[in-house]
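Undergrad: The numbers in the working numbering rise by one with no breaks, and the one at position 27 of the sequence shown is 27.
Derived from the structure by calculation, the hints contain no laboratory data.
Fair warning: there could be bad hints in the mix.
Pair by pair, the computed Cβ-Cβ distance ranges are [unchecked claim]: (1) S41 / T4: 38 to 48 Å; (2) E32 / V11: 20 to 30 Å; (3) L40 / S2: 41 to 51 Å; (4) M1 / L40: 28 to 38 Å; (5) M1 / L22: 22 to 32 Å; (6) A17 / L40: 28 to 38 Å.
Glycine is no exception: its CB is placed at the ideal position from the N, C-alpha and C atoms.
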Amino acid sequence: MSRTVVITGSVVLFHVAALWALQSGLIRKAAEVVIPVTLLSEF
1 MSRTVVITGS
11 VVLFHVAALW
21 ALQSGLIRKA
31 AEVVIPVTLL
41 SEF
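Assemble the whole structure, with the sequences as input and the hints as a guide.
TA: Structure below.
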């Protein structure tokens with residue numbers, strides 16, 4: 001396999017995984033956890 005094919009495949013897989021996470025609500029749950037932590041660290 002050429003390097004270009006590996007890189008392109010990795011990028012496509014990453015986007016598919018990101019879209020799946022967005023659809024299943026994982027990103028929203030992660031944001032609910034991360035945002036309070038960042039707010040607490042500011043004060």
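Undergrad: Next step is simple, just say for each hint if it's right about the structure.
TA: Results of checking the hints against the structure:
1. The hint said 38 to 48 Å for the Cβ distance between S41 and T4, and at roughly 41 Å that hint holds.
2. The beta-carbon spacing between E32 and V11, approximately 28 Å, falls within the hinted interval of 20 to 30 Å.
3. Judged by the Cβ atoms, the range 41 to 51 Å given for L40 and S2 holds: they are separated by roughly 47 Å.
4. The hint said 28 to 38 Å for the Cβ distance between M1 and L40, and at roughly 46 Å that hint is violated.
5. Taking 22 to 32 Å as the suggested C-beta distance range, the pair M1 and L22 conforms, at roughly 29 Å.
6. In this structure the supplied range 28 to 38 Å holds for A17 paired with L40, their Cβ-Cβ distance being about 29 Å.
In this structure, the one hint that does not hold is number 4.
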